[in-house]
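**Q** These protein sequence lines are chains A and B, in that order. The numbering used here puts the first residue of the first sequence at 1, with every later residue one more than the last. The numbering used here puts the first residue of the second sequence at 1001, with every later residue one more than the last.
Everything labelled a hint here was simulated from the structure, so no lab data went into it. Even for Gly, the Cβ is constructed at its ideal location relative to N, Cα and C. Check the hints yourself; a few may be wrong.
What the hints assert, rightly or not - Residues on chain B that point at chain A, a partial pick, calculated with CB under 10 Å: (1) Tyr1049; (2) Gly1087; (3) Asp1146; (4) Leu1207; (5) Val1226; (6) Glu1241.
Said to hold, decoys possible - To give a feel for the contact side, a few chain B residues facing chain A, derived at Cβ under 8 Å: (7) Phe1099; (8) Arg1193; (9) Leu1195; (10) Gly1214.
Unchecked claim - Label pairs and their computed distance ranges (CB to CB): (11) A/Ile68 with B/Gln1114: 30 to 36 Å; (12) A/Asp227 with B/Ser1224: 52 to 58 Å; (13) B/Pro1082 with A/Pro86: 31 to 37 Å; (14) B/Gly1052 with A/Val131: 16 to 22 Å; (15) A/Leu152 with B/Asp1067: 44 to 50 Å; (16) B/Pro1068 with A/Leu117: 52 to 58 Å.
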Amino acid sequence: MIAGLTASAALKAGEVLVALMLLATPTFAADENNDLNLIPPAAQQPAPAAVPASPGSATQRNYLEDAISVTPLRDSLAVPFPPPTPASWEDRLFLDSRDEWNLGDGVTLTYSGRFNLRAANDVPFPSHENVRNDLREAFISWQPADGTWIDLGRINLKSGVAVGYNPTDFFRTRAVVEPLTADPTVLREDRLGTLMLLVQHVWPGGSITAAYAPKVTQPTAIYTNIDLPSFDPMLDRTNAEHRFLLKGSLAIANGFTPECLVGIFSSHLNHLRQVGVVLVLWNRAGFFVSPLFRKWQHGLQLIDINQKDPGQTLNCCCTTPATAPRSAAT
Amino acid sequence: MTMVRTVVLALVVVAVPACAQTPQEIIGAADKVRNPGQPFRSTNTLTEYVSGKPTDQDQLVVYAKEDPATHQFRNLVRYVEPPRDAGKTALFDNRNLWFYDPSSKASVRISPQQRLIGQAAIGDVLTVNLAADYAGTLLGDETITDAERQQRTCWHLDLKAATSTAIYNRVEYWVEHGSFHPVKAKFYSDSGRLLKILYYRGYREQLGAVRPSGAVIIDAVDSSLVTTIQFGDLRFQDIPEAWFQRDYLPRLRAE
């Protein structure tokens, strides 16, 4: 009896297990398959892969653009616009080039510039001002070893991680050529490089860069719209004083790669003028990048330039007691 | 005796799918199907379709190398086509995505969710191990139709972001039984909204295993927008560690 009960129970258990087995059979997900109907017939089959571009195509970029601007000014103002007033109309046809040629043995030649044909109501025609060339970069680069480069010529060397203003961008002063727009991206693109010797080494744990920009001419007055030279590299805008920059970054830990910069300008050689530190930090709340500046006249400033980052609202600006520069102390 | 055989058979049938793998092991095995264990490069062609018609195409070269410490891939992406974007590069070093534009000669940090082309974000073309960034739960088994209209019996997994570097907050993932081939994925925003539906397709032998050669991404918000990705020219390549430094981005050249 007991055995009979046990057998009966086991039989029922077997039926339950078979039922479970049937339940465990994968279900047919009809709803999921409806998603396939969203794929258009043209995308049902893999598209033919595009022909791989030649390696040189990435280093040759030339485009032609024409920009027309019209500037109406309000009149009958109690306080008139200060001179010089902008051109009432201007048309500019330009050829923008950024090319690099491999000369062999680790040597490359780079040119970046913009050739402009200008016409405006306040620019005499024909005159040399109708033709202008902005020589942004022209330098030769040599790679003597893996991870090491020596560059010589006019180079656009930028520092900082922000899209717009970077306080650590030491070579920005007077470098922006006539901008067609106030778009920060364009301002960053359309600027003159600095004549310099640059040495850089990049290794798995970091990088170090040293740049020396010599003084080759005297500072000049700021140009206006009608006295821009045609084919002058305008080194007076970029090399009117000796400048030296040393910067390095070190990957201390995953997500922590501080970058330190030291910039020395000849106009202030009697004291160290600017020291910048860019900290790239990571925490669970988000990511922030903070440049720290040591300005000897104004103390320490901590500026957050990455306030748009979600989850991070670091907004601090602290000032330490002012430290007199050595020049003032002597 | 018949009863005992029934019980044993039922036990075996029921127990096999249950004891196969943990969800994390399934995700890890599917990662190995998508990504080889050694450094490699691929040329990805992305085509954007609007209302069924191709409108735009991009081509990128992706260099990927697994970090032995985090088991996550680091990626270098170099834009090849169209000419206006050629030479731009991006670096994903496990935590940060840096974008370098040779026009501005500056590298800035961007989000992996930033749009690349069509419905593909930069994070979608990166090589990532989902097991390193997500914690999975097995929702059950389902038979679904894959992109080639074949029936596939799959594990249906629910992946929740386990690290702050995960590109999406939640992913629904279908992985085929036995082969561990990823079949389908659904990506959700932080608010729980379905953003994209992805189908893997074109499984074939490459880089020493059978791997997907492409994917289709459907916009879940505007279903008239579809983007396809074709993985081509896959090959193993030694990638020096220095390439993953931000300062190397301006020096990266086509090979």
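**Q** All hints are to be evaluated individually against the structure, with a verdict given for each.
**A** Going through the hints against the structure:
1. With a cut of 10 Å, the hint placing tyrosine 1049 of chain B at the interface with chain A holds, because the nearest CB-to-CB distance is about 5 Å.
2. Against a cut-off of 10 Å between C-beta atoms, the interface hint on glycine 1087 of chain B holds, since the closest Cβ of chain A lies about 4 Å away.
3. At about 8 Å, the closest approach between the beta carbon of aspartate 1146 of chain B and any beta carbon in chain A falls short of 10 Å, and the interface hint on this residue holds.
4. Taking 10 Å as the C-beta cut-off, the interface hint given for leucine 1207 of chain B is violated, the closest approach to chain A being about 16 Å.
5. Look at valine 1226 of chain B: its Cβ gets to within about 5 Å of chain A, closer than 10 Å, so that hint holds up.
6. Given hint, glutamate 1241 of chain B at the interface with chain A, holds; its Cβ is 3 Å from that chain's nearest Cβ, closer than 10 Å.
7. With 8 Å as the threshold, the beta carbon of phenylalanine 1099 of chain B stays out of range of chain A, its nearest partner Cβ sitting at about 10 Å, so the hint is violated.
8. Taking 8 Å as the C-beta contact cut-off toward chain A, the hint placing arginine 1193 of chain B at the interface is violated, the least distance being around 16 Å.
9. At about 13 Å, the closest approach between the beta carbon of leucine 1195 of chain B and any beta carbon in chain A exceeds 8 Å, and the interface hint on this residue is violated.
10. With a cut of 8 Å, the hint placing glycine 1214 of chain B at the interface with chain A holds, because the nearest CB-to-CB distance is about 5 Å.
11. For the pair isoleucine 68 of chain A and glutamine 1114 of chain B, the supplied restraint of 30 to 36 Å holds, since their beta-carbon distance comes to about 32 Å.
12. For aspartate 227 of chain A and serine 1224 of chain B, the hinted distance range of 52 to 58 Å is satisfied, since their beta carbons lie about 54 Å from each other.
13. In this structure the hint that proline 1082 of chain B and proline 86 of chain A lie 31 to 37 Å apart at CB holds, the actual value being about 35 Å.
14. Checked against the hint of 16 to 22 Å, the pair glycine 1052 of chain B and valine 131 of chain A fails, with Cβ atoms roughly 49 Å apart.
15. Look at leucine 152 of chain A against aspartate 1067 of chain B: about 36 Å separates their beta carbons, and that is not inside 44 to 50 Å.
16. In this structure the hint that proline 1068 of chain B and leucine 117 of chain A lie 52 to 58 Å apart at CB holds, the actual value being about 56 Å.
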